[in-house]
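Asks: Here is how the chains run, residue by residue.
Number of protein chains: 2
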Amino acid sequence: MELFNKYKNLLETAIKAVHERTFFAAFPEHPSPKIYGETADEEGLQNYESHLGKQFDELLQEGATSWSGSEESPYLKESLNITYPVTPVEVLIDNSEKAFEQWRKVTLERRAGILLESLEQIKKRFFEIAYATMHTTGQGYMMAFQASGPHAADRALEAVAAGYEELKRFPRSAFWVKPMGKFNIQLEKEWRAVSKGIGVVIGCSTFPTWNSVPGLFADLITGNTAIAKPHPGAVLPMAIVVAEIQKTLNNNGFDPHVCQLAIDNETALISKDLAENDKVKVIDFTGNSEFGAYLENLKGKQVFTEKTGVNSVILDSVDDIDKVAANLSFALCLYSGQMCTAPQNFYVPENGISTPEGKVTFDEFAEKMKEHIQLLTGNSKAAPFVLGAIQNEKTYKRLAEVEQSGKLLLKSTVLDNPMFKNARTATPVVLEVKAEDKDLYGQELFGPIALIIKTKNTDHSIELAKELAMTQGAISCGAYTTDPDVKEKIADQMALAATPVSFNLTGAIYMNQNAGFSDFHVTGGNPAGNASFTNPEYIIKRFTWVGHREPAQI
Amino acid sequence: MELFNKYKNLLETAIKAVHERTFFAAFPEHPSPKIYGETADEEGLQNYESHLGKQFDELLQEGATSWSGSEESPYLKESLNITYPVTPVEVLIDNSEKAFEQWRKVTLERRAGILLESLEQIKKRFFEIAYATMHTTGQGYMMAFQASGPHAADRALEAVAAGYEELKRFPRSAFWVKPMGKFNIQLEKEWRAVSKGIGVVIGCSTFPTWNSVPGLFADLITGNTAIAKPHPGAVLPMAIVVAEIQKTLNNNGFDPHVCQLAIDNETALISKDLAENDKVKVIDFTGNSEFGAYLENLKGKQVFTEKTGVNSVILDSVDDIDKVAANLSFALCLYSGQMCTAPQNFYVPENGISTPEGKVTFDEFAEKMKEHIQLLTGNSKAAPFVLGAIQNEKTYKRLAEVEQSGKLLLKSTVLDNPMFKNARTATPVVLEVKAEDKDLYGQELFGPIALIIKTKNTDHSIELAKELAMTQGAISCGAYTTDPDVKEKIADQMALAATPVSFNLTGAIYMNQNAGFSDFHVTGGNPAGNASFTNPEYIIKRFTWVGHREPAQI
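Residue numbers (this note's numbering), protein chains in the order written: chain A, 1 to 554; chain B, 1 to 554.
Chain A extracted, bound-state conformation:
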């Protein structure tokens, strides 16, 4: 109980935050020397560099048969030459099954203590994880630090808090007395939260820890064991996370195989082998819709997915068109449109956007977007940090294809990065698109791609945004209107499409951003994913309530 007592206040605060949904962050998001120490950043960089060209030997798991790794830095276009121990699927499963027999019986309090202590250990490596994230995902430094470090840790804490509460939802036991007139029936009842078994958490290449730790920690707090299977292109951030969890388990007398790292080997990807294994009962996945749908259709598994979506911006009426264009341009440029919450489709009525100074025409708005994108990408101090690099060559190639697909308003160019001459970079493409061209805009075009779509009117814009959210999925939506009735219509219709709307954002807050303890990430109600960080469903489906009863011994 020592560890639990150490973190009891934090846990209680986090549970309160989950309910109140006001601002809460347990892990400071600013990489400030005052918070993290004067030498933290430099040491983090050194520690990151110390992995390069070496075997990652921090894991405590047994049974590896070879070493493998294929990560490449989008900033250097060079291999990291880090290899990880490849443990065969059947060994991972055996290890996990044995650990499950121990872990499922550990008290909730001890599980919570271990997990929160792990986060505290991971915190010490936030800078190292940040550099590992930069050089696998292409994120800029600040995003890499925040998303993979404090924000991910907050999301993990959120899952632990939600799990703790859910597992305390019903009493461990109760005395049940039914009056029968002349006598009473008296039963002792007890309820057990029964863990499902082995969980597998399949990560993505763009947010290797942020998208994986909620499922991982949700599995672990509910007494399941977990196998993290990072994307082969972004392993190191998650390898560090798993190593710290294993060390914390081990230091506290638990089997480190409660949490393992699975590595694709050189010749074959292993996600299917893991997912289809009979012993695997829970699967978390972030990635493409095709593989997500395959997983969702597996029998006898509890599957949580975040897949792809088409995010819309509905433009009706604004107070200040320049502030709006500036905000949306930034949202588009941030990590070069490689966020699952980034805007793609911008719906503008053919008769323009209302402003206090009269209508801004479709063409004027398109021009404003171009200007603000160019202003941002032309800012050589800020742009490399905001746009980062393009994780995947495929994303890069998509840009040229898209440029051929409609009326090109702004062509993508390479963005010079003074620190990384070889960086794979691209500024946004902007196309003008007709409402009829649903073949083009009715799909996710991952990367820095903006389609400005001419609609009949705002009702038409809403209709299109809603339809795409319902058929293709959507994770975020931006909307600009000064009319309360239009606002309610958008709020209502997009809610029916299970899509959260950010209204009238200007300044330093963007529709891409999503705050732990407050914003549900993905709703689970449209094809963009069946799960949500962290709603009660995300926890409850990982275990089963089973009640036993017996006549009371009086």
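Do not rely on the hints blindly, as some may be mistaken.
Note that identical chains are pooled: a pair holds if it fits in a single copy or bridges any two copies.
Only pairs whose alpha carbons sit at most 30 Å apart, straight line, appear in this in silico DSBU-like list of lysine-lysine [what the hints assert, rightly or not]:
#1 182 x 98
#2 299 x 272
#3 489 x 98
#4 16 x 168
#5 411 x 438
#6 381 x 178
#7 456 x 105
#8 454 x 16
#9 281 x 299
#10 299 x 279
Just so you know, the hints here were simulated from the structure itself, not pulled from any lab data.
Treat the numbers as computed from the prediction; the structure is a model and nothing was measured.
With chain A's structure known, arrange chain B on it following the hints.
Replies: Below, chain B alone, put in the same frame as chain A:
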């Protein structure tokens, strides 16, 4: 808010009961004149009889094109000759879609008020529903009253209470302030619980209201509209329930089509047409595993099932073997084994059951079971009420087949019912079965069938019970042991198979019984069904949390 205020205390008490899981019943289970009025029973019978041979014309729904009905009394083996309005599927869906636009926007408080008022109106018809249940399901009078009346109403109230709490789980709005150093980001956030759409509730022939009202009321409290599709053999109890909900809706200014009754027509069953309709988003089902699996595999639906299972009794050690055999015999005879919670497989170690007086051998136990079954079925005053009648001719025919399948210890006979000479009745079949004969006992044999299975030892018994629960499903389990270690092993292993265990029941409480507000009915964790009355999942999956946000106007 008038109705809500009328029931606020009841709702709060019910929410408390859901959490504490101690005894609570809002609707008295005893059909006592003191509680329900001196003339309630007689009037209930008259009201029931007034439906016979007539059109059921109480529904307020529009668009019926014909009348149909095929109910037959298992007590009289005669048609009830009641017909119900047949509304085409497309009309039901259109009606429901229109009503959904109204109902989803009704406040939670008003929805709760309407639903609790409906239950109060249904209460006035408990005796009428009881006779309707007797003459469709074959249940004895007492069970028909309790299960279809007060117990069903308690389960409906439980769903409303759980729904109310779940929909209040997160705030409607919050003011979110993120300190950014030199300034704050301030957002107004709001969360909406978005109803999924149209729900369909498909009922069974044995517990027409008890198994249907939880899903129906769960749909309605979460703002979905509902279409109840009773089994064609047991329509009247649910028709009365739906009529009362419709009247309450109508009397309070709401569209009665929020809740409709669907009737299979003479030539075709309509469950598939309803289930596959695009507009239907939620499906509740009680019935056979084949149709349940078909429903669970439909795309884009939230499906809640209770299917079939194989319920086991593990006999290890007892204090009083006669009390145990008496209890189990009653559990088997109650409604002639037609409860989804009835015992079927009795596992007895080959070296017998331990008692304070030494071992009771396998044969001695089998003999005890025979004796106690014969004692009960030979009691001409009690037996007709306990065993009731056999709902379905197929169940009746199964008995003769089973008698050919193993070593017959007790043959089924007709049970004379002095009140109903033509009643379709059958006393239990008891067979001795080898542990190897899994082909026989590894399936649900619906009806009054007991298989006494010789195992190597209690560990073997546990293994078989667990395996069948995991592969075939189980809804209940009985276990008798005086050894705390064996007890914990059974509790642990059956919990892993998501099966609740009733330990050491003797006297007037049986493993078949399941109490609202305390016992979860079905766990959702094994093939017997994916849903549970009423765990949080049963509610949460019927709606989606969607959050919107906007810069705060300061």
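Asks: Could you run down the list of hints and mark each one as holding or not?
Replies: Hints and how they fare:
| no. | hint | verdict |
| --- | --- | --- |
| 1 | 182 x 98 | neither (51 Å within a copy, 52 Å between copies) |
| 2 | 299 x 272 | both (13 Å within a copy, 21 Å between copies) |
| 3 | 489 x 98 | between (53 Å within a copy, 18 Å between copies) |
| 4 | 16 x 168 | both (14 Å within a copy, 15 Å between copies) |
| 5 | 411 x 438 | within (21 Å within a copy, 69 Å between copies) |
| 6 | 381 x 178 | between (74 Å within a copy, 26 Å between copies) |
| 7 | 456 x 105 | between (61 Å within a copy, 28 Å between copies) |
| 8 | 454 x 16 | neither (45 Å within a copy, 54 Å between copies) |
| 9 | 281 x 299 | both (10 Å within a copy, 20 Å between copies) |
| 10 | 299 x 279 | both (12 Å within a copy, 25 Å between copies) |
Of the numbered hints stated above, those contradicted by the structure are hints 1 and 8, listed in ascending order.
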